[in-house]
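Asker: These are the residues of each chain, in order.
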Amino acid sequence: MLEVKNVRKSFGDVPVLCGVELRVEQGEVVSILGPSGSGKTTFLRCLNFLETADEGTMSFDGETFSMNRLHKKDIARLRRKTAFVFQNYNLFLNKTALQNVTEGLTAARKIPKAQAEETGRRALERVGLSDRQDYYPYQLSGGQQQRVAIARALAAEPEIIYFDEPTSALDPELTGEVLEVMRRLAGDGMTMLVVTHEMGFARTVSNKVVFMEDGRVVESGTAAEIFECPREVRTREFLRLTNKTYGEKGESVQ
Amino acid sequence: MINERLLEILADSFWKILLPGLTVTIPLTAVSFTFALIIAVAAALVQFARIKVLRQIARFYIWVFRGTPLLVQLFVVFYGLPNIGILIDPFPAAVLVFSLNEGAYCAETIRAALEAVPSGQLEAGYCVGMSYLQTMRRIILPQAMRTAFPPLSNSLIAMVKDTSLAANITVTEMFMVTQRIVARTWEPLALYMEVGIIYLIFSTVLTRLQRMGEQKLSVHQRQED
Chain E
4 MLEVKNVRKS
14 FGDVPVLCGV
24 ELRVEQGEVV
34 SILGPSGSGK
44 TTFLRCLNFL
54 ETADEGTMSF
64 DGETFSMNRL
74 HKKDIARLRR
84 KTAFVFQNYN
94 LFLNKTALQN
104 VTEGLTAARK
114 IPKAQAEETG
124 RRALERVGLS
134 DRQDYYPYQL
144 SGGQQQRVAI
154 ARALAAEPEI
164 IYFDEPTSAL
174 DPELTGEVLE
184 VMRRLAGDGM
194 TMLVVTHEMG
204 FARTVSNKVV
214 FMEDGRVVES
224 GTAAEIFECP
234 REVRTREFLR
244 LTNKTYGEKG
254 ESVQ
Chain H
1220 MINERLLEIL
1230 ADSFWKILLP
1240 GLTVTIPLTA
1250 VSFTFALIIA
1260 VAAALVQFAR
1270 IKVLRQIARF
1280 YIWVFRGTPL
1290 LVQLFVVFYG
1300 LPNIGILIDP
1310 FPAAVLVFSL
1320 NEGAYCAETI
1330 RAALEAVPSG
1340 QLEAGYCVGM
1350 SYLQTMRRII
1360 LPQAMRTAFP
1370 PLSNSLIAMV
1380 KDTSLAANIT
1390 VTEMFMVTQR
1400 IVARTWEPLA
1410 LYMEVGIIYL
1420 IFSTVLTRLQ
1430 RMGEQKLSVH
1440 QRQED
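Here the protein sequences line up with chains E and H, keeping their order.
Residue numbering for the first sequence follows our numbering, starting at 4 and increasing by one per position.
Residue numbering for the second sequence follows our numbering, starting at 1220 and increasing by one per position.
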């Protein structure tokens, strides 16, 4: 469903992405792992054109684009088929939980308000926050804010949701509720591309795991292949170090 | 010092001064400030746009109108421009100068308020499919306006008082009317204090309105008691 090839990007003289390739099939959950500064987040941002890649081709839904020469209209059209969940939630601060979810529907997709609210309420229900629909972001915990952000993503009925380290800004006791929601989405067959440091999630939920370092995909395979018999030295090293930090099972403390 | 004659002059002049306050000072302020806000939002927004020429024009405008005295600007427009064949009536001339002058200050206020909105808000807008303008209007500007509201109220209150300068270009506003009464009665201390008090009343009302406005705009923010 999504395939990108040869994605390259530099910030000034510093190369950040050096020819990244990736394929995501419909209904798949793909996790991207890697140390800080490996380019994971930049890569994800290039996929939604929050950064413009210097080079690269993208096939989405049977259409093929050059990622550095895309018209505004095409970017807008592609974005309407996708959704993005940010590390620091980025909820609209002047909107309630429900308005956060409906804003994109009424403003960008011109869906009538009543219908958008219906969709919005269903989305909030899916993340277990029906009782918080009239709360403003400042009145919600980090975990709740991130769940509203996921509801906002869901409401657009995207073909794929990009998650950029969705639990990294959360207190350890709050990551569980967000991961649980993501697990349920995966179970419902949602196509997801997840940049994460949650080894437990990557291991148990992903169909495919990609290990990135220094702007390159070092290795990719099924969760079992990567976690149980990684081929590359660097992957092994990374997993050994994270196991030390996060415990043998890779689950963060809950 | 205070005798019956003086009290009578004060009571009599109060309405004579207040009337141009209501019919000239307030409309002059309201119209000028409205234009100033429109100019300010435009001048602030183009500084975020990628078109370099527009940005330079905005910077130049702000530089000139913040860098020269309001009184000089009034004189240039009202007494100076007729030299090159541009004649503007006193009231519109005052509106023009006050709008442009205040717009320059407010542009900086609004630019700062826009910069204070986290960049993630715009990105989130893009990601739910909204355009730059949609996100600006629905997400960024409302948040920036809350930040800009107190300093903008400051500007508004300052402008109410600055309209007294329009007396210099023959706009019959409160201060000019007061000057005329002083010329007739020769009671400068009492009368200038009286007009000062009327300005103070106007400012007090605006301060109250500011507080109410802030509360109304703060629903999405943590309340500080």
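Derived from the structure by calculation, the hints contain no laboratory data.
It should be emphasised that the depicted structure is a prediction, and the values quoted were computed from it without experimental measurement.
Hints are not guaranteed to be accurate.
Claimed, not checked - The calculated PhoX-like cross-link candidates involving lysine-lysine, where the alpha carbons are at most 25 Å apart (straight line), are:
id: 1; chain 1: H; residue 1: K1380; chain 2: H; residue 2: K1235
id: 2; chain 1: E; residue 1: K75; chain 2: E; residue 2: K113
id: 3; chain 1: E; residue 1: K8; chain 2: E; residue 2: K84
id: 4; chain 1: E; residue 1: K76; chain 2: E; residue 2: K113
id: 5; chain 1: E; residue 1: K116; chain 2: E; residue 2: K84
id: 6; chain 1: E; residue 1: K113; chain 2: E; residue 2: K8
id: 7; chain 1: E; residue 1: K116; chain 2: H; residue 2: K1235
id: 8; chain 1: H; residue 1: K1271; chain 2: E; residue 2: K76
id: 9; chain 1: H; residue 1: K1271; chain 2: E; residue 2: K75
Asker: Would you mind marking each hint as holding or not holding in the structure?
Answerer: Cross-check of the supplied hints:
With a CA separation close to 18 Å, the supplied pair K1380(H) and K1235(H) stays within the 25 Å bound. Simply put, K75(E) and K113(E) have alpha-carbon atoms about 19 Å apart, close enough for the 25 Å limit, and the pair holds. For the hint pairing K8(E) with K84(E), the CA-to-CA distance comes to about 20 Å; that is within 25 Å, so the pair holds. With a CA separation close to 16 Å, the supplied pair K76(E) and K113(E) stays within the 25 Å bound.
Between K116(E) and K84(E) the alpha-carbon distance is near 20 Å, which keeps this suggested pair within the 25 Å criterion. A distance of roughly 34 Å separates the Cα atoms of K113(E) and K8(E); the hinted pair therefore is violated under the 25 Å criterion. With a CA separation close to 53 Å, the supplied pair K116(E) and K1235(H) exceeds the 25 Å bound. Our distance criterion of 25 Å between C-alpha atoms is met by K1271(H) and K76(E), whose separation comes to about 23 Å.
Restraint check: the Cα-Cα separation between K1271(H) and K75(E) comes to about 20 Å, which is no more than 25 Å; the hinted pair holds.
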